[in-house]
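Participant: Read off the chains here:
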Amino acid sequence: MRKLLLRREIVEDEWDYLAEQRPGGSEAVIISLAEWRDNTESWRAWRERLGVRIGPADRVETLAPELARFELIAIEFPGPGEGRGYTQAQLLRTRYGFKGELRAVGAVKRDQLFFMARCGFDSFELAEGEDFEGARKALGTFSATYQPQRRYQESGTNH
Amino acid sequence: MAPARAYSAPVYRYDAIDQTLVNERVAQFRDQTQRFLAGQLTEDEFRPLRLRNGLYIQRHAPMLRISIPYGLLSSTQLRKLADIARRYDRGFGHFTTRQNLQLNWPTLANVPDILAELATVEMHAIQTSGNCVRNVTADHLAGVAADELDDPRPYCEIIRQWATLHPEFTYLPRKFKIAVTGAPDDRAASEVHDVGLHMRRDAAGSIGFEVLVGGGLGRAPMIGQVIREFLPLPDLLSYLEAVLRVYNQYGRRDNIHKARIKVLVKSLGIAKFREEVEAEWQASRETAPRLEEAEVQRVRAFFTPPAYESLSDIEIPQQDAEFRAWYRYNTRAHKVKGYRVAFISLKAHGAVPGDMTSEQMEAVAALADRYSFGLVRATHNQNLLLADVRQRDLVELWKALRALNLAFPNIGTLTDMIACPGLDFCSLANAGTLNVAAQIQQRFSDLDYLYDLGDIEIKMSGCMNACGHHHVGHIGILGVDKHGEEWYQITIGGSVNGSTALGEVIGPSVRQSDVAETIARIVEVYREKRQDEEPFIDAVRRLGVAPFKERVYAKTAAAA
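Residue numbers (my numbering), protein chains in the order written: chain A, 1 to 159; chain B, 1 to 560.
Treat the hints as calculated values from the structure; they're not laboratory data. Do not rely on the hints blindly, as some may be mistaken.
As the list claims (entries may be wrong) - Across the chosen pairs, the derived CB separations fall in these ranges:
no. : chain 1 : residue 1 : chain 2 : residue 2 : range
1   : B       : 538       : A       : 149       : 45 to 51 angstroms
2   : B       : 206       : A       : 42        : 56 to 62 angstroms
3   : A       : 59        : B       : 44        : 25 to 31 angstroms
4   : A       : 9         : B       : 38        : 24 to 30 angstroms
5   : B       : 38        : A       : 59        : 38 to 44 angstroms
6   : A       : 151       : B       : 91        : 36 to 42 angstroms
7   : B       : 257       : A       : 1         : 42 to 48 angstroms
8   : B       : 257       : A       : 99        : 39 to 45 angstroms
9   : B       : 206       : A       : 134       : 46 to 52 angstroms
Cβ atoms here follow ideal geometry from the backbone N, Cα and C, with glycine treated the same way.
Next comes chain A alone, as it looks inside the complex (with noise of 0.2 angstroms):
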């Protein structure tokens, strides 16, 4: 089973990728943003849990009306310097509302962790070989912040 790091706990993963469900395996499904196009119908009449995964070039402002039908938004970062989904994060939590989890994919290292937690995610799937232990203390890396206001952070160094 697949490690996360979710709300700051080590924990395994409850999802499934759509590619990876098994018969009898989790009834929580992550599905691509392009298969949520193609057959939205379908998928709107699925009863357990739903979960979409997109890009960095996807605009989640197209994706706003249907928020309500995901329990989980799964974020691609494709590489050590993309920048876009940290930009989506913030627009699903503050403009958009989203209060499920938001998942950090793909070469999440904790180096990144800090700001992608103030960004508004609270779920990780870190890359491969990186220590959990050490990326959940990395989410306590700073204890004062600059943004929106300056201040200590209420989720600092004794998390």
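The hints should help you fit chain B onto chain A, whose structure is shown.
Facilitator: Coordinates of chain B only, in the frame set by chain A:
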């Protein structure tokens, strides 16, 4: 409420939040460096992390770029830089066109210790490199220039803090540079920055900014365009967020040479780009940070003018010709009577432009304490200056600077040239710049001749990344590689002060040994054809490139 002031002069002081953040950044980088040295991070993984702390891997050793926010340094900070350069480097540093300091020979394992040393004097190297918002630069005469609307530095500091470790904009498509000016005379090259901010007042007298976007040098130089004529101060950060958010989403990431915001602005057109930013701004204004008046007041309090004495302008002693030349070229008017701005030339003939030894830094720190409220400024022309010198102290200051080889009277002249470190240090460079600078200094060693030429700005880059701003030099020199040899392409007519313009190439590139001769020919044409007191740049604009080109490539051509 402003904390207790340790300096008697205008400079921002860290509070517990600023200090905690910088200390924790040092700890983070120490951990990252250890993981890299232990093989837990690959070079590809470590690169963006070290770059965001100013660390490049260069030709000979790592290069560390230390941030000097808007060019302002206390004497304590300058002493610390001197100490670091001596203990961790080879006893000198290099001031850059973005008002930063580079060390060329630190070792990687020592860099966390260097950053820890910097943190003790409220300094860092955060975001001096990498694809993020870089050091915010300002007019080097901020706060003392008579033509200034208001001091831009409090706003630079506010932007610095907002941009530091901004969670959303730490992995941009490419680097992002912001410059702020408070005066009509643009001494910060703001029109060739990703964002240029020009302070303005509205009809009610409230402070705001004209916003330019999409300027930049590099491979495809462009001049910034006005995206907004007046941005009210409380909206400063929310508007910058809107610009960056549009850029972060739509800037190109597939080609490093097309990733700057200028390419996005050009491909969309300024009107469409403006529309995108406005839409984003309107949509996010509810949730975006509005700049609180209390925060503006808190930061502004640090920049209250120092305790000037009430003095009269004095008669400047004229007996000594050398002092007279220094006074004329290396000092500038101050808005307060009895004071003057004194430049410290880092362009003495025989010296590497922008370089300074630890001994010189320490001596200048002492002079700043004695003569200028303990503050020093770095300029984008790679010199330093003391902003608040009593006129009656000028002779003494000049003598002290002369003894340090820092009083060479050439500010604004042809040998006050900008040069990047070039092939001698930089792994990106195609050609050397330092030997060319030396060649030009030698060729124009006659000061009377130099003074007769008036204001001529030479700017030189060792490659088309344009760190030496060659596009906007009155005379620009660009190093190019031709079959493994170092050649130089010459442009004329560029300018960055007043009306920004990009220079025009005069013809085929020339050999390294012919650069000084080529420049000599160009200025000879100017001497022959100038009208009255016409400056070089005006003459080039009037005459066009043709007469210069003709002389340079005449039959005893300098160029092969």
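Participant: Now, for every hint given, state plainly whether the structure supports it.
Facilitator: Here is what the structure says about each hint:
In this structure the supplied range 45 to 51 angstroms holds for residue 538 of chain B paired with residue 149 of chain A, their Cβ-Cβ distance being about 49 angstroms. Remark: the range hint 56 to 62 angstroms for residue 206 of chain B to residue 42 of chain A is upheld by a beta-carbon distance near 57 angstroms. Distance hint check: the CB atoms of residue 59 of chain A and residue 44 of chain B are about 29 angstroms apart, consistent with the given range 25 to 31 angstroms. Against the hinted window of 24 to 30 angstroms, the Cβ-Cβ separation of residue 9 of chain A and residue 38 of chain B comes to about 27 angstroms, which satisfies the hint.
At about 41 angstroms, the CB distance of residue 38 of chain B to residue 59 of chain A agrees with the hint of 38 to 44 angstroms. A hinted range of 36 to 42 angstroms for the beta carbons of residue 151 of chain A and residue 91 of chain B is consistent with their spacing of about 41 angstroms. Separated by about 44 angstroms at the C-beta atoms, residue 257 of chain B and residue 1 of chain A satisfy the suggested range of 42 to 48 angstroms. With their beta carbons about 41 angstroms apart, residue 257 of chain B and residue 99 of chain A fall inside the hinted range of 39 to 45 angstroms.
In this structure, residue 206 of chain B and residue 134 of chain A meet the distance hint of 46 to 52 angstroms, their C-beta atoms being roughly 49 angstroms apart.
The structure fails none of the hints (numbered hints given earlier).
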